Structures are given as C-alpha cells and as structure tokens.
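Quick one: dock chain against chain with the hints and give me the complex.
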Amino acid sequence: MDMDMARDALVQESRELLSAMEAALLQIEDSGADSEAINAIFRAAHTIKGSAGLFAFNRIVSFTHIVESVLDRVRNGVLPIDNAMLSLLLNCGDYIAQLVDAIAARLEEVEPDPVRRAELEAQLNQLLDEQDTAPTHSAPAAAAVTHTAQEPTVSEDPVASPYWHLSLRFSADVLRMGLDPLSFLQYLGNVGTLLNLQTLPEGLPPLAQLDPEQAYIGFELDLQSEQDRAAIDGVFDFIRDDASILILPPHASMREYRALLAARNDPQMLAALLAQGTLTADEAARALLPEQETVEAVSVVAPVAAIEPAMKLPANAPRGDEKKGGYEQKFIKIEVSKLDQLIDLVGELVIAGAGASLIANRRKDSQFEEAVQSIAELVEHIRDAALNLRMVPIGEVFQRFPRVVRDISHELGKEIDLVVTGADTELDKSMVERLSDPLMHIVRNAMDHGIEATDARLAAGKPLAGTLRLNAYHESGSIVIEVSDDGRGLNKARILAKAIERGLVSAEQVLSEREVFRLIFEAGFSTAEQVTNLSGRGVGMDVVKKNIESLRGEVEIVSTEGAGTTVRIRLPLTLAIIDGFQVMVNESVFVIPLDLVIECIDLAGLDGHHDIVKLRGEPLPFIRLRELFELPALEHGRESLVVVQFGQQRAGLVVDRLLGEFQAVIKPLGELFSRIKSISGSTILGDGRVALILDVANLVHQAVQQQATTQNGKAATGLVSPQKSNG
Amino acid sequence: MSEPDDELSANIPQPALHKLGGDITIFRATELKDDLMQALAVADRHLDLDLSDVQEIDTAGVQLLLSAQLEATAQEKPLRCHHPSPQLVAVLALLNLTGRLLTAPQTSEAGG
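Protein sequence lines correspond, in order, to chains A and B. Each residue of the first sequence is one higher than the one before, starting from 1 at the first, in the UniProt record's numbering. Each residue of the second sequence is one higher than the one before, starting from 1 at the first, in the UniProt record's numbering.
Treat the hints as calculated values from the structure; they're not laboratory data. Take these hints with a grain of salt, some might be off.
[Said to hold, decoys possible] Partner residues aside, some chain A positions facing chain B, computed with beta carbon under 7 Å:
(1) L175
(2) M177
(3) D180
(4) L182
(5) F184
(6) T199
(7) L200
(8) G203
(9) L204
(10) P206
(11) L207
(12) A208
(13) L210
(14) E213
[As the list claims (entries may be wrong)] Computed footprint of chain A on chain B, listed as stretches where at least three residues anywhere in the stretch have a Cβ under 8 Å from a Cβ of chain A:
(15) 30-36
(16) 58-67
(17) 84-96
[Unchecked claim] Which chain B residues stay away from chain A? Per the calculated CB distances, all over 12 Å, these:
(18) L17
(19) D50
(20) S52
Bear in mind the structure is a predicted one, so any value in this text is a computation, not a measurement. The beta-carbon is built from N, C-alpha and C at its ideal position, and this holds for glycine as well.
Chain B extracted, bound-state conformation (with noise of 0.2 Å):
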C-alpha cells in the first residue's frame, strides 16, 4: 500500500486523530491502555492513531499496540496507524509486524 493517507484524506476530510506520541513502553504501559480505552470509546468507525511523535518502543509498547488493535477490531473500530515514525518502523520491521500494524487494517478499509 502506498500512501494511505492520501486514500483516507480522499474518503474522510478529517479523520480525527489520537496522538500516541513519546516513549511506548513500560513506564507508561498502564497510563497509554487507559488513554487507548479512552480514546477508543470516543472513536467513531476507526480507531486512527498518529504515530508520528513516538520516540522509544519495547515489548510492551508493541503488545499494547497488537492488543489495540485486537480491541478495536472485536468493537469494530479497526484501528489504523498514521505518520509512523522511524522509530516505529524500524521495530516493527524487526518483529515483522508492518504488514499487520501499518497496512493491514487500511487495505481492508480501502474496500469499505
């Protein structure tokens, strides 16, 4: 998938974002699931986070991540990851875990 963000711009105007920025780790493991419920609860048909701003990521900042997206599936708010940062990338290129984290979710929102 090249370029989701212009896809989404096209379908919706203004996705509103949920920033989840700084360090993704176990520090803050407790503090961001609380923040993702929220921002999950308020989220409308997808769960759409900038992920441009996260600096460090560990084991618990990518489980809280597969276990969103787990979330946002079983509420149908499939999640979707914009503007990932290189950090982000990076790790998630070692687990293996792009394509479920950063094009999974918007190839199958392209169809609906």
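Chain A extracted, bound-state conformation (with noise of 0.2 Å):
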C-alpha cells in the first residue's frame, strides 16, 4: 500500500518536473540560453533519475542518466543548446514521460518503445562521443577566434595542471540525511587517484559550540584519472541536490578556477590553498585577480556565460548555518481526496447552518437571530477558503500549449506565434482536468483551419507568423477562456451549405451569424475539405461542447470572415456551492446563481406581450416559469421579473416570489433528469426540502430563441437540438 502510495508520488513528482522542463526547453528555444533554464533543466532530469532509481525503475534510470550527461555538458558550456539540441531534449523529456506512464501503469518491466529509445540514445551518445574525442587541452589560435558565443569548448588561457579539480561543500543537513561526505570520497577512489586533497574546516567551531550532527567541513582535492566528466560527475549522483560540487577538467581555463574562487566563501584563503598543489604560485595569484586584467578582451563574453550556472550553484546550496528548507515550507501536498472530504463537509456545514438560522427567525430571539448571523458569516467565509483551495490558475492547463503549438506549427510547415494572456486566472482543479482536452481540440482546429498556409497569409497582405492566442479572465462569477486566431475566419456560406447538406437545417430557415456559428458544434459536422491527422474528423467539436456543458459551462464562435475566429468557452467558478437567489413559484422554490442575476422588477408596471417585456427602452425577452414548469397559477400574484445574464445575453425569468440570497450547496440531479435541460442541479434548503437551481445558461439561449422566432414569424422547428417549445 505505502509502495503504490511512493509510486504515484514518484510518477506524479515526475510528471510536473517533465513539464517544467519542458517549459525551460521552449524558454530557451523562445529567448535564448539562459543559465537559469538549464539548470532548471538539469535538475528535473537529475531528480527524475534518482527517485526513480530508489525503486530501481532501470529503464528510466539508464535512459535518463545519459540525457543527464549530456545536459551536464550543456550547463558546463561544453555542448551548445541549438535548435537541433532542443528539439533531441524534448523529445528525450517525451520518452522519460513515456516511462514515466508505464510505471503509472505498472508496466515498468516493459520497454513503451525500444526502437525510439536505441534512437534517441545513438543521438545522445554521439554528442557525448563527439566531445570526448574533442581535445580539450589543445587550444590552437585558429579555433579560437571562429568560436561561437554557444561553443566555450576549449580552454583560454588553461592551467598547467593535468588533473581534474575537485571542490566539494556540503549542506549542513547532509549528515542528519544519511548521507556521508567521506563515503562519497572513498569511492572516489574507483574512479582516479585522489591527490592534493585538502581537509577544509569551514567555520568548524570548537567543541564547545560544535552542534555534532552538522556537516562543517569542506574538501579540495586533484584527481587523477582518465574517465570523462559524466562518470567523475556520476559519483556524486546522490550527494548532489545536498552539496556544492565544482568539478574543473584538466587544464581548465583561468576563469574556470576564477569561478571556483568566486563561488567559495574565502577565495584568499582557497588560491593560498590551491597554491600548493592543484595550481602554480603565479596560477593561483591570477586566479585572484579580476579577469579583465589578463584576458582579452574578444571572448570574455561566451565563457563567462557558459561558467555562470556554475557559479549559481553554491548560490542556492546551503552552507554554514544556513538552514535550507525555505521552499519546502510553502507549500504542501495534500490527496484530491481529502480537500473534496473538507468541501463535502463545508457544504453540510452550509446546510445545518441555513436549519440553524430558520429556527432563529421563527424563534423571533434577537440575540439568537445575532449569533446566528455571526456563525453563517464564518461559515461563509469558511466556504470561500475551502473552494479557494481547490482553485488553480489555468496555467496548468495553458502550459500544454507552446509544445503543442511548436510541434504542430512544425507539422504543417506554418509559422505560428503563440501568446497566453491571464494564465494566473483562477479555476476549479476539477475544471483543469477535464478542460485540457476540449482546448486541445479547439487549438489544434485554429492552427490546422483558422490560421493559413504561408503564402496565402502573403497574398492576404497579413504578417507571415499567425497567431494564436490564449486568454482567461474571471467575468460575473464565470471563468471566459478564449482561443483566437488570426486566420481566416469561419465561411458563414460554406457552414450553411454544409449543415443544409447533412440535413442539420432547411434551406429556407433564415439564421442569424450566431446560429450558424454553432451548426459547427452539431455531431458529424465538418467542413474541411481535406481530413488531415491534426482535426477535421468530423468529430471533435461536438465532443467539445458536450465536455463543456458536462461543466455547466458553454461555447461560442465570434467570427469574422479573413480576419480570424475567437472560440469562446464560459463556465462557472465552481462545481460545489454557490451563491444563490432564491425564488417561489407556487409552492416551489428555484434557486438561481445569484452571480448571473441582474436585478428584480415587479412585473405589473411593465409592458410585456409574447414573452417580450420593455425594459427602459431595450427589448427584452422572458419566459414564465410557471409555464416551464407547468406549475398551478396562484389565485392573486404580483409577479416578479429576475433579469439574469449569461454571456452577451439577458433575458428574465418570471417568478410569484422573491425570497433572498441562500447559499446553494449543488448536488447533482440523478440519471433521471440528465434530459431536462432548464435543471443544472438541486440543493437542500435549510427546513430539509429540495430546491432545484435554474440552469440560468439554457433558460437566456431558450428565451433569445423564442425572440427570434417570434420575430421571424413562424420559421421552421429550429435546430436539431431539442428545445422545448412553449406556447
């Protein structure tokens, strides 16, 4: 039990490192090199390797520990990261995903795909090989001056001394973890001949202060040995996310040891140490010096770049008495299952408390009505705060994104600019998951039918890259997620031909630029001309609109023709409890998303006939649910107008009563009424009876329909979709 709980630990740990890496690969193939992406980079292949090796999951160990040696060389500036670079990392971070999913399934014995791996391992091995027989020590003239910024390979100005430099400083945890310094150099000795080794104390206090189970000291040392820098490196695989270890190759430039000075917390000291053995007098006085005094200046630019992920590492190791853990401490990992427990019983707590404060008011106690009142504010903010947790920013979902726009973009030969706006934006965890999917969908038909070839963005006069933008902005109480392209817009004449063909339509029906936007989300329709393997199945769209209105939520098309298409996805904040208006119809009682409501008008005083109110001037269109819901009339009513809003659209509901704000914890209504559509949920009432909350979302779309044919006089019978019609 405890081992599948490590395990999925393990494979989830993974997976978010996987993309954090990938993140940092698409950074550097966006801006560039940056040292602190790659050793972001390092890091996420470095601790994929050792937690997978604390179960012996071989095969990820094996693969990933040669990625590890190439990225090694990356960050040491001996590699370049150039496009053909980033292209070989990402898709080595897909197949440690690929690994990764077969442990997720207990497959771990398998290889997913050992032709891919011989393939990309032969790649990774001949970069490694190509440096190995690279010469390192020879640094011809010639070389040097053609060096590119991205090829610090040779060393300027080396050292005369033959061997590797070791410098190692451990964390002050090191000890209390198990982990011991000297076994580390004890095995050393398997891989070289140790030489010059210098015991460093390091702020080792006198007994008197010594807290005896802290790491204090430091070691120096030469290493002989003919093994490449991956297997010197290997040798402290375990010890290295807890220590600083510089390693320096033989005749290592100048600045390699200038850093290594820099990086420590006495250079004075270090250089007088190195002095005697590791570096000539003259060496390790220069070594002190600043750079400009000795080098040209033609190429102090590259190498000192290749050496700052260098001089970053001791940076964030801890040493002395600084105490690491400050990242750790912000956040915690707690089961899905657990917050969903707490929500379930905040939303009990809602419903006891809504019984608690109906006993008050019938009580007519004041000073029980008060302290009523005081708890269901906590109670509410209580609720806030446990919703609050199960909310994430949408940026977990938008990150997919740049590999996959990359990645198609290269597929269909388009150049395609991907900018994500309001990936801070917050929504439900529950959302995140089962959106990824749908915006899959939809991104990949902007870049395969929105945006055009390269030519004909030419000739339409647009810039050669499109564009594809993802944005997220919070709106009354919904979440708006668009996707837009600046392609070429929907052919509102080709839709239509298309759905009269399949039959989704008559020929005659008169549709507004709305209504036939939405003939794409209808089952089997699809209008590219050609099916490629990207989208234009003709599944998909309505796959994606049935996964959002699964979420309460809904799609829309803004289109204009040659300019671009906006896919539009709204859903609600939250699954679990809302904010909810209460009202009366007959007996029953509706509750309605009190985010969604605009105002309340008594009807009397307006003039309202076929379902249609004048509203200060503006039209406005209403629909009684009395005769919704085929609920007996009162024998005297004044009757209310709730105006509510979804989207664009305003319409009013027709109700006896109003009753107030109630919090509204949703449960969702059995198989039963999966086909009613004005129904979104149910909730319980404080005196235990059952209210069904509106689904405000299709009551607007079921009013500005009736509007329409109203208008249009007696059209057709719609669209396909069932509406129900009421006279």
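Take a look at the structure:
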C-alpha cells in the first residue's frame, strides 16, 4: 500500500518535473540560453533519475542518465544548446514521460518503445562521443577565433595542472540525511587517484559550540583519472542536491578557477590552498585577480556565460548555519480526496447553518438570531476558503500548449506564435482536468483550419507568422477562456451549405450569424475539405461542446471572415457551492446563481406581451417559470421579473415571489433528470426541502431563441437540438 | 615524529588516557561530544585520547576530532591522540589530516 502511494508520488513528481523541463526548453528556444533555465532542466532530469533509482526503475534511470550527462555538458558550456539540441531534449523528455506512464500503468518492466529509445540514445551518445574525442586542452588560436558564443569548449588560458579539480561543500543537513561525504570520497577512489586533498574546516567551531550532527567541513582535491566528466560527476549523484560540487577538467581555463574562487567563502584562503598543489603560485595569484586584467576582451562574453551556471550553484547550496527548507515550507501536498471531503463537510455545514438560521428566525429571539448571523458569516468565509483551496491557475492547462503549438506548426509548415495571457486566472481544479482535452481540440482546429498557409497569408496582406492567443479572465461569476487566431475566419456560406447538405437545417431557414456558427458544434459536422491527421475528422467540436456543457459551461464562436476566429468558453467558477438567489413559483422554490442575477423588477408595472417586455426602452425576452414547469397558477399574485445575464445575452424569468440570497450546496441530479435542460442541479434548503437550481445559460438561450422565432414569424421548427417549445 | 608514546612516557609516567573507541559516527556524535567535553573538563594539561579501539569513523567523527582539537587548544589543554587504530589511520590519511591530528600536537608538546 505504502509502496503504491510512493509510486504514485513518484509518477506525479516526475510529470511535474517533465513539464517544468519542457517549459524551460521552450523558454530557451524562445529567448535564448539562460543559465537558470538550463539548470532547471538539469535538476529535473537529475531528480527524476534519483527518485526512479530509489525504486530501481532501471529503464528510466539508465535512459535519464545519458540525458543527464548531455545536460551536464550543456550546463558547463561544453555542448552548445542549439535547435537540434532542443529538439533532441524535447524528444527525450517525451520518452521519459512514456517511461513514467509505463510506471503509472505498472508496466515498468516493459520498454514502451525500444526502437525510439535506441534512436534517442544513439543521438545522445553521439553528442557525448564527439565531445570526448575533441581535445580539450590544445587551444589552437585559429579555432579560438572562430568560436561562436555557444561553443566555449576549448579552454583559453589553461592552467598547467593535468588533473581534474574537485571542490566539494556540503549542506549543513547532509549528515542528518544519512549521507556521509567521506564515503563519496572513498568511492571516488574507484574513478581515479586522489591527489592534493585538503580538508577545509569551513567554520568548524570548537567542541563547545559544535552541533555534532551538522556538516561543516569541505574538500578540495585533484583527481588523476582517465574517465570522462560524466563518470566523475556520477559519483556524486546521490549527494548533489545537498552539496555544491564543482568539477574542473584538466587544464581548465583560468576563468573556471576564478569562478571557483568566487563561488567559495574565502577566495584568499582557497587560492593559498590551491597554490599548495593544484595551481602554481603564479596561477593562484592570477586567479584572484579580476578577469580583464589578464585576458583579451574578444571572447570574454561567451565563456563567462558558460561558467555562470557553475557559479549559481553554491548560491543555492546552503552552507554553514543557513537552514535550507524555506522552499519546502511554502507548499504542502494534499490528497485531492481529502480536499473533497473537506468541501463536502463545508457543504453540510452550510446546509445545517441554513437550518439553524431558519429556526432562529421563527423563534424571534434577537440574541439567538444575532449569534446565528455571525456563525453564518464565518461559515461563508470557511466556504470561500475551502473552495479556494481547490482553485488553481489555468496556467496548469495552458502550459501544455507552447509545446503543442511548436510541434504542430512544424508539422503543418506554418509559422505560428502563441500568446498566452491571463494564465494566473483561477478555476476549480476539477475543471482544469476536464478542460484540457476540449481546449486541445480547439487549439488544433485553429492551427489546422484557422490559420492559413504562409503564402495565403502573404497574399492576404497579413504578417507571415500567424498568431494564436490563449486568454482567460473572470467575468460575473464565470471564468472565460478564449482561443483566438488571426486566420481566415469562418465562412458563413460554406457552413450553411454544408449544414443543409447534411440535413442539419432546412434550406429556407433564416439563421443569424451566431446560429450559423453554432452549427459547427453539431454532431458529424466538419467543413474541412481534406481530412488531416490533426483535426477535421468530423468528430470533435460536438464532443468539445458536450464536454463543456457537462461542466455547466458554454462555448460560443465569434468570427470575422478573413480576420480570424475566437472560440469563447464560459464556465462557472465552481462546481460545489454557489451563492444562490431563491425565488418561489407557487409553492416550489428555485435557486438562481446570484452572480448571474442583474436585477429584480415588479412585472405589473411593465408593458409586456408575446413574452417580451420593454425594459428602459430595450426589448427583453422572458420566460414564465410557471409555464415552463407546468405549475398551477396562484389566485392573486404580484409576479416579479428576475433579469439574468449569461455571456452577452439577457433574459427575464417571471416568478411569484422573491425570497433572497442563499448559499446553495449543489447536489447533482440523478440520471433520470439528465435530459431536462432547464435545471442544472438541486440543493437542500434549511428546512430540509429540495430546491432546483435553474440552468440560466439554457434558459437565456431559450428566451432569446423564442424571441428570434417570434420575430421571424413562424419559421421552421428550429435547430436540431431538442428545445422545449413553450406556447 | 616517531614513537610519540615513548616520549610521553618519558615526560609523564602515567598519562591519563581517555578512551574513545567503537564507532565514531553520526549515530553517537552527540553522546561522544558530551563525553569529550567531560573528558576535557577533568583533563589536566592535555586531552589525551586512546584511539586504539576506534572501529568505524565517518565525516561526523572526523569533525568531532577536529572540533575537539580546537576546543582543547582554546582551553590550553592540547589534544594528543594515542595508539590510533588502523581504521582511523586510513581515514585520516585519505583526508590528509594525519599531520594535523596524529603528529602535530606531540610536536609542539615535545618542545614544552
């Protein structure tokens, strides 16, 4: 059982790391090499390897090890990070993801794709071999001149020492974690011969002040070894995260030694120490001097950039009394089921609270009412805080797309820029998971069908590169997610022709632009002339619509022919608890999501017929809930009109009484009611009765559609989707 | 320095050796620190350790000895290590600490 949990944790952690790695790779592709990003990639690969090693998932360990070796050279500026390298690393990330999937599926003994693996390994090994055979210490002047910023491979101004130099410092906690630096040194003896080893006290206090379980000492040593960097580096695999390990190759450049001195606590002392063996006295003295005094200015930029990652390391690695763990404290991982349980309980609390306040009201005991009131306020805070726990930034969904856009645009031979905005807009975690596939489909569609081929774009006088935008924002109790492209837009006539051909609408039907666009979401509808392997298989947009609707959301399309298309998804913020507005029709109570209510008006004062009232000069379609739900009329009632808004559309709902605000814990309706469109759920009232929650999106559509049909005289019986037709 | 013990026995007939044996590792680090502080408190002019029975020694153990040396020097009761076990000798040789821990104090002591 515990093993399974650990395995799940490993899978989850690895997936998070892989997506961080991918993001970093894309960032490099986008804005150039950056030591932070390269380090992030390296750390991701290294951590995955380490965790997999604990479980003896050897397939992942052996593969990741090669990737890591390559990354290490990239990090040290030995291998250039160019487009080929980025693509290779992205592909390797994908393959590691496949291996992780295999672990998740308990299939870790099976290689997911041996051919692919062999291919990738061959490419990686080629990179490693190339570098190994390249002489590192002979620095021909000609080569130095032609070196680009990305290839600081050959050391300039090399030191005389023919040995590797290792500088080791450890985090204060390393001993407590069961790691013994000494044993790593002993093991290092297998890789080469240890020379000039110096044990540095690094702030070791006298016994009285000693924390006997804290690591203080550090080491500087030379290593005589025929092995390559990966082999030497590999010795420190298990301690690297808790140590600062700098490895300088034989005949390393003065620059690298400068970086080493700068990275350590006491450069003066260290230089003196190095002068006792590793370096000559002259070299040690020069290493202490600033760079420009000794090196010609020409190639300064590149190698410094290459060394930078090495210098960053010790900044991260705590030493002395610094406590690490600032990061760990910021987040804790919680099982989703525990959160759900909490939210369920909060839901029950809300219902119980409503019951209590009902009793308080009946008792007419002002003290009691006051107490209940303040409890209700607290419950409301708890509710918000609990729901907030489930809120995650939509960036979690968006972060997949840079890669998707990159790959698909390559595949299609189109140049497409992705612009992401509003990635920190939050929504319920459960929606994030279910939003991913529909969004993917919309994005693919936009790239495949929306954005034109390059020559067509030029002909249309548009910029060569198409732009795809992902945007998210909050709007009156909903989250809105937009996918826009600046492509060719939707062709209204073609869609209509296709729909008539498919028998989705009749030829004589008059449809608004919005209605025509909605046809795209009908089952079996596709206008793509040729079926590509990306989209256009005639499945998809109807599934997208279903998925979104199952989240109580809505999709709409806005498009200008020739200028682009925007697909807009609108979702409720949460699926669990809402602020509701209670209304009564006859004896039945209904709940309307409060965020969607605009205003309430006494219907008697309004001039309304044909289910349309004139409100401040504007026509407003409305629906009588009594008629919709076929409830008996009241003897004498002053009906009220509740104006609701969904998206850009407004409609009125006619009710008998307004009861006021109420926190509604949404309970799903059973299968039996799944075909009733006007209701989205139910809730339990304080007195134990059940109230139905109105599906405002659907009601607004009904009302607007009725208005349209009324205006168009008696047009044909409308679209395929079964609408309740009310007289 | 050869045969420091002979020299010692010549100067002080009965050096009060404090025995530090067994595994000198992280698992006993706190206990051993207290033990050494105690030994130092009762020591007269030197902290004389009998290390003949040292079995395993790790980084924490090495630090402990180095730190004890610092403390002993500060209290003007320099540390002297006697009869180091082969295991200890091997580790100190690896870390290049032989001079510092096994011979240095005797050298200074030989003069005074």
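Here's how the hints hold up against the structure:
A cut of 7 Å between beta carbons decides the hint on A:L175: the least distance to chain B is about 5 Å, and the hint holds. Checking A:M177 against chain B: minimum C-beta separation of about 10 Å lies over 7 Å; hint violated. The closest approach between the C-beta of A:D180 and any C-beta of chain B is roughly 5 Å, which is under the 7 Å cut-off, so the hint is satisfied. At its closest, the beta carbon of A:L182 sits 5 Å from a beta carbon of chain B; the interface hint therefore holds under the 7 Å criterion.
The closest approach between the C-beta of A:F184 and any C-beta of chain B is roughly 10 Å, which is over the 7 Å cut-off, so the hint fails. Below 7 Å, beta-carbon pairs count as interface contacts, and A:T199 has one with chain B at about 5 Å; its hint therefore holds. Because the closest C-beta pair between A:L200 and chain B is about 10 Å apart, greater than 7 Å, the hint is violated. The interface hint given for A:G203 is violated, since its Cβ lies 11 Å from the closest Cβ of chain B, which is over the 7 Å cut-off.
Because the smallest distance between the Cβ of A:L204 and any Cβ of chain B comes to about 6 Å, under 7 Å, the interface hint for this residue holds. At its closest, the beta carbon of A:P206 sits 4 Å from a beta carbon of chain B; the interface hint therefore holds under the 7 Å criterion. Given the 7 Å rule on beta carbons, the hint for A:L207 holds: about 3 Å separates it from the nearest Cβ of chain B. Against a cut-off of 7 Å between C-beta atoms, the interface hint on A:A208 holds, since the closest Cβ of chain B lies about 6 Å away.
The interface hint given for A:L210 holds, since its Cβ lies 4 Å from the closest Cβ of chain B, which is under the 7 Å cut-off. Among the interface hints, the one on A:E213 holds; its C-beta lies about 5 Å from the nearest C-beta in chain B, closer than the 7 Å criterion. Coverage of the segment 30-36 of chain B by chain A holds. Counting CB-CB distances below 8 Å, 4 residues qualify, and the rule asks for three or more. Beta-carbon proximity to chain A at under 8 Å applies to 8 residues in the segment 58-67 of chain B; the threshold of 3 is reached and the given coverage holds.
Check on the segment 84-96 of chain B: 4 of its residues sit with their Cβ under 8 Å from a Cβ of chain A, so the three-residue criterion for coverage holds. At the 12 Å boundary, the C-beta of B:L17 stays outside the reach of chain A, the nearest C-beta of that chain being 18 Å off. At roughly 18 Å, the least C-beta separation between B:D50 and chain A is larger than 12 Å, which holds for a residue marked as non-interface. Once the 12 Å rule is applied to beta carbons, B:S52 is consistent with being away from chain A; the minimum gap is 21 Å.
Going down the numbered hints, you'll see the structure goes against 2, 5, 7, 8, while the others check out.
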